[in-house]
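K.L.:
Sequence:
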Amino acid sequence: MGRVSVRDLDGAVVLVTGARGGIGQATCAALSEAGATVVATGTGCAPADGKMSTWLPHDVTSKRDWDRVIAEVSERFGRLDCVVNNAGVYAMDRISETSLEQWRHIFAVNVEGIFLGLHASLPLLSESGRDREGGSSVVNVASTAASRGTEFAAAYCASKGALAMLSRSAAKEFAALGFPIRVNCVQPGVVGTRMMESALTRCVQIGRGTSTEDLKATWSASIPLGRVARPEEIAASIVFLCSPAASFMTGTDIVVDGGALA
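At position 144 of the sequence shown (counting the first as 1) the number is 144 in the working numbering, and the numbers step up by one without a gap.
If you are wondering where the hints come from, they were derived from the structure by calculation, not from laboratory data.
There's no promise every hint is true.
Dumping the calculated DSSO-like pairs for lysine-lysine here, alpha-carbon to alpha-carbon at most 30 Å [unchecked claim]:
hint, residue 1, residue 2
1, 51, 216
2, 63, 51
3, 172, 63
Label-pair ranges, simulated between beta-carbon atoms [stated by the list, open to error]:
hint, residue 1, residue 2, range
4, 194, 102, 18 to 24 Å
5, 169, 214, 46 to 52 Å
6, 165, 64, 39 to 45 Å
7, 218, 76, 26 to 32 Å
The beta-carbon is built from N, C-alpha and C at its ideal position, and this holds for glycine as well.
Could you build the full structure based on these sequences and the hints that come with them?
P.N.:
This is the structure in structure tokens:
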């Protein structure tokens, strides 16, 4: 085996879901910079300044949409080396005020969407992984909420915990079957995105703080490194897991939270 680095993504075709969000856009940019051909998907139109090769509209809760997206990737590029499951939704409510419909929607996006993606992409990932150092790679974007619960976010925490376990199970199963596919998770902590701003606003609405500015300062102070993460810092770990530099990593979680879980 020769020397490898995170820059060894030339020729790799990578699918990124949820590519309109902060982490999604940063991941597309970082993968493109590393030499990958990036197929970005999401609801609505492509972001105006997105760094990608192709944009495809995509509802990750739809089996039909997953089948269509994978078929288009196969037709256009003939291979699929990595899938980054970044699409996700967040909600903040008391358990007593969380509806069954809301609970199911969160699980549909955060868990079932990844399950459907594994179903749809498995044949193409298996084929492409045979001639790629380190095989193909699936990177699921979970959360530190997968490792610890937090108040007023039971549905979100439960869904990310389920995603982490799905990832570990898939990693072991694919290895047992001899599939050349690695499956890993990234667990971000608090990240400076629109989702974080929405969470801050919701916290104030339900009485967990007096202002979003004070809450953000409190959250930052609780992190050993003293600040929230930048989306680019999460993207860097995703690029690493996609690259041959992570060829002996599967079934693991990379926590990127500034030391909050330490």
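K.L.:
Hint by hint, where does the structure go against what was stated? Just the numbers, ascending.
P.N.:
5, 6 and 7
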